[in-house]
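Q: Spelled out from the first residue to the last, the chains are:
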Amino acid sequence: MAQDGGETLGGTMRAKDDAGEDIFVEGVEFTVFDEDGNVVGTATTDAEGVWLIDLPGSGVYSVELNTDTLQGFELRNPDNNPLTGVEVQPTTNKNTLFPLGERVIEESNSIRAVQLFVDGIKLGMIIAMCAIGLSLIYGTTGLTNFAHGEMVTFGAMIGFLFHVTWQFDFLGSWMTSLVFAAVVAIIVTGLAGGLFNEFVWKRLRNRGASLISALVVSIGLSIFFRYVFLYQFGGRAGFYRDYRIGENVEFFGIFTMLRKDIFIVVFGAIVLVAVATALRKTRVGKAMRAVADNRDLAESSGIDVEQVIRWVWIIGSALAGLGGVLFGLTENVNWEMGFRLLLLMFAGVTLGGLGTAYGALFGSLIAGVFIQMSTLLPFISSDMKNVGALLALIIILLVRPQGLLGRAERIG
Amino acid sequence: MDWGSIIESLFRGLIGESFIVFALAAIGLNLHFGYTGLLNFGQAVFMAAGAYGLAMMVATIGPAANRNFGWDLSESTLFWAGIFVGVIVFPVIFAFVMGIPTLRLRADYLAIVTIAVAEIFRIVVRSPQPGIKKWTNSSDGLTGFSGTFYDMSPFGTQDRYLFNLFTGNQMFLVIVGWVVLAFAAAVCWLLIRSPWGRVLKAIREDEDAARSLGKNAYSYKMQALILGGIFGAVGGMIRAIGFSVAQPDNFITDVTFFVWVALILGGAGKVLAPIVGASLLYGLLNFSDTFLREGVSADVIPDSIMTGTQVGQVRFMLMGLGLALLAAFRPQGIFGNKEEMALDDR
Chain A
-3 MAQDGGETLG GTMRAKDDAG EDIFVEGVEF TVFDEDGNVV GTATTDAEGV WLIDLPGSGV
57 YSVELNTDTL QGFELRNPDN NPLTGVEVQP TTNKNTLFPL GERVIEESNS IRAVQLFVDG
117 IKLGMIIAMC AIGLSLIYGT TGLTNFAHGE MVTFGAMIGF LFHVTWQFDF LGSWMTSLVF
177 AAVVAIIVTG LAGGLFNEFV WKRLRNRGAS LISALVVSIG LSIFFRYVFL YQFGGRAGFY
237 RDYRIGENVE FFGIFTMLRK DIFIVVFGAI VLVAVATALR KTRVGKAMRA VADNRDLAES
297 SGIDVEQVIR WVWIIGSALA GLGGVLFGLT ENVNWEMGFR LLLLMFAGVT LGGLGTAYGA
357 LFGSLIAGVF IQMSTLLPFI SSDMKNVGAL LALIIILLVR PQGLLGRAER IG
Chain B
19 MDWGSIIESL FRGLIGESFI VFALAAIGLN LHFGYTGLLN FGQAVFMAAG AYGLAMMVAT
79 IGPAANRNFG WDLSESTLFW AGIFVGVIVF PVIFAFVMGI PTLRLRADYL AIVTIAVAEI
139 FRIVVRSPQP GIKKWTNSSD GLTGFSGTFY DMSPFGTQDR YLFNLFTGNQ MFLVIVGWVV
199 LAFAAAVCWL LIRSPWGRVL KAIREDEDAA RSLGKNAYSY KMQALILGGI FGAVGGMIRA
259 IGFSVAQPDN FITDVTFFVW VALILGGAGK VLAPIVGASL LYGLLNFSDT FLREGVSADV
319 IPDSIMTGTQ VGQVRFMLMG LGLALLAAFR PQGIFGNKEE MALDDR
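Note that the protein sequences, when read in sequence, are chains A and B. According to the working numbering, the first sequence is numbered sequentially starting from -3. According to the working numbering, the second sequence is numbered sequentially starting from 19.
These are computed hints drawn from the structure, not numbers from a lab. All clues stand as given, with none of them false.
Covered, in the sense of this in silico footprint (three residues per stretch, anywhere, with C-beta under 8 Å from a C-beta of chain B), are these stretches of chain A:
#1 204 to 213
#2 223 to 232
#3 337 to 343
#4 382 to 393
With a cut-off of at most 20 Å between alpha-carbon atoms, the simulated EDC-like pairs for lysine to aspartate or glutamate come out as follows:
#5 Lys152/B to Asp379/A
#6 Lys151/B to Asp379/A
#7 Lys90/A to Glu31/A
#8 Lys282/A to Glu295/A
#9 Lys219/B to Asp126/B
#10 Lys152/B to Asp267/B
To give a feel for the contact side, a few chain B residues facing chain A, derived at Cβ under 8 Å:
#11 Leu123
#12 Tyr127
#13 Ile130
#14 Glu137
#15 Ile138
#16 Ile141
#17 Ser145
#18 Asp272
#19 Trp278
#20 Phe334
#21 Met337
#22 Leu339
#23 Ala345
All figures in this text were calculated on a predicted structure; none of them were measured in a lab. From the three backbone atoms N, C-alpha and C, an ideal C-beta is built for every residue, glycine too.
Please build the complete structure, drawing on both the sequences and the hints.
A: Take a look at the structure:
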C-alpha cells in the first residue's frame, strides 16, 4: 500500500420522496474495509446526504452500507452491498454510488388497492386534522388563512426538535416518546395560534381591515415564516428516525402497515373523534358552530364571539401542529411541507363545504383516499397524484360549489 | 465591500430585465385585481404559459410537426408561431380553466383555484414521465428557443452597454422590453378610459349594481382575466428569453407573490403603479441582496449569523414581511387612492 496521503472515499445519498422531489438522506451509516477485511473507518451521511472517510493510502477497498439506517428506502441493487473492489488512486477522492429505489414496495394490483385505500385514509386523517382549523377560522372570522400551512410545518419541527434533535426519550418506549413529542407540539402550536390571533388577527379585525387585505396579510406572513423555517432548518429533509417505528405489521395477509402508520391512524382517529364530539357536546364547541353558522345571530344570543374566535385559533392551530407531526412521520420534515399540504387542505375543505367543521373532516378523508387511489390509474405516477385532488377541487366547484355538506345557497 | 457592484446591481434592478418582467405581470394583475377585483393568485401560471408556449413551439411541438407532417417550418417561423401560442392560445385556455368554475362564486374561490391551477401546471410540466417529458423536458426545462430573437440584435455580443450594466444581448432584450412595457401601459390606460374599463370598475365597486344595469358581469370578468393573463404571458416570455430556458421552477407560486408585492407597493388601480412598484421592488431586492452578499464575502457579517446561501432566503423573508405590512398598514400603496382602492371587500 503506497503512502500518498489525501485519499478519501465518499458519496452522496439521494432519493425521491413520495411527492417525487429530490431529497438527501441523512443518517446512513457506511463502513470501509481494506483488502484484508479490517475496518478502515465509518461515517454517517450529513444533512446534505454526504459521507466521507479518510483513507490511509491508495489501494483497493470495499464499502458496506448499513441497510438498517436507510430511513425506509431500499437499495436499487441490493447485490452491490457491500461494494467490493473499489480502487482508489493516489491523492484522489473516490466517489461511490448506492442508487436508492422507490420507498413504496410493489405488490399485486388488488392488494395494492387495499393498501392504497388504507394509505388514503391515513393521508385523509392528516389533511382533516389540519383542515378543521382552516375551516373553523374561515367560518368564524371569514379569513382564508394562507399561513395555516406554516403552523403545520411549525408543529412538525417542534416534534422533530424533541424527538430527533434532543432525542427526548419518554418512559423508554417508542410510542410514549412519540406521544410526548406530539403533545409538546400540540401545546406549542396551540399557544402560538393563540398569540397569533391576539397580536395579528385581532388587531387587524379591530382596525376594521377588510377580509381581502387580511387574506393578503396571511399570504405575506406565510412566505415570511416559510423562509424563516428554511433559514433555520436548511433545505434538508429530516426524518423521525427512531428505527422502532419503521417495523412492519401485517394485517390478514392483505395489507401491511408500518408501526408508525398504525400510530398515525389510531392516534388520529382518537383525536378526530374527540374533536367531533367536543364540537357537538361541549359549550365551546357548540358556540364555535353557532358563530360559524351565523355570527350576528350568535352574538345577539349572548355568545362572546371574540372568546370563541380565540378558542378556534388555539384549537385549530394545535390540531394543525399535530397534523404536522403525523405528516412528518409519513413523509419527512422539511421547510415547505405545510405549504404543500395547504392546497390539499383547500381541496378537502372545499370538497366538504367551506366553513363547516364536519365538511372539512369528511371532504379531507375523501381527498386523501382520492389522492392515493388515483395512482392506480396507469397514467398517474406517484409524483403526479396531488394533481388529481386539485382537479377534483375544480370540478367540485363546477358542479356543487357549496361542497358536499354545505347548504345550497347563493355564495356568489 | 465593493460599492461599485452594489450600485450596479441596484440600477439593474430598477430598470433591468426582472423589472420589465414583473412590471408586465403586475400590469396584468392590475387589470385583474386593481380594476375588476379578481383575486388571482396564479399569475405565475400565465407567465409560464408565455414561456412554455414559445419554448414548446420552437423546441418540441414544431420539430415534431415538421417530422410527422413533412412540413418544413424554419426556426424563425416557429418562433413567431410560438409567440402567438404563448401570448394568446395558452393564456386563453388557462383563463377558461380558472374562470369558468369560479367567476360566479365569491372572490376567495378564485384565489384557491388560481393557485391550484398554477400548481397543477408546474407538477405536470416537471413530471419525469416519458410521455410528458418528451414535450417539456421535466425539471431541466426547455432550451434552444431564443436564437431567433438574439439574431435580430444589432448589439455586439462582446461589448457592454449603458455604463457597463448590460451585455449586448441583455441590452437588446431590455430595449425590446421597455418598448413592450410602454405599449402595454398605453393599452391599459386607453382600455381603462374606455366604456369597457368603466364597466370593470363598476363590477369592482358593486357587482350586483352592474348586473342590474344589464351588464354581463361574468363575461366582463372573464375578458379581464384573459387580457390580464396575456400581459402576464408576455412578461413570462421575456423572462424565459432572458434566461434562455423555460423551467418549471422559474414559475413557482412565490413568483405570483412577487407580482402582488410589486402591484400593492405601487398602488392597485393606477396605470403607472405596477411599473413604479416593480422598479422599486427589484431595486430594493437587488440592493439588499448584493449588499448582504458583499457583507458575507467580506466577512463584515460573520458566518454564524448568515451564510452565502442564506442571503437568497432573506430576500423572500423581506418580501413576505413587506407584503404583510403593506396590506395591513398601507393597502393603497404609494399612488393609490384610499377611497377608491383600499383592498376592499367585494
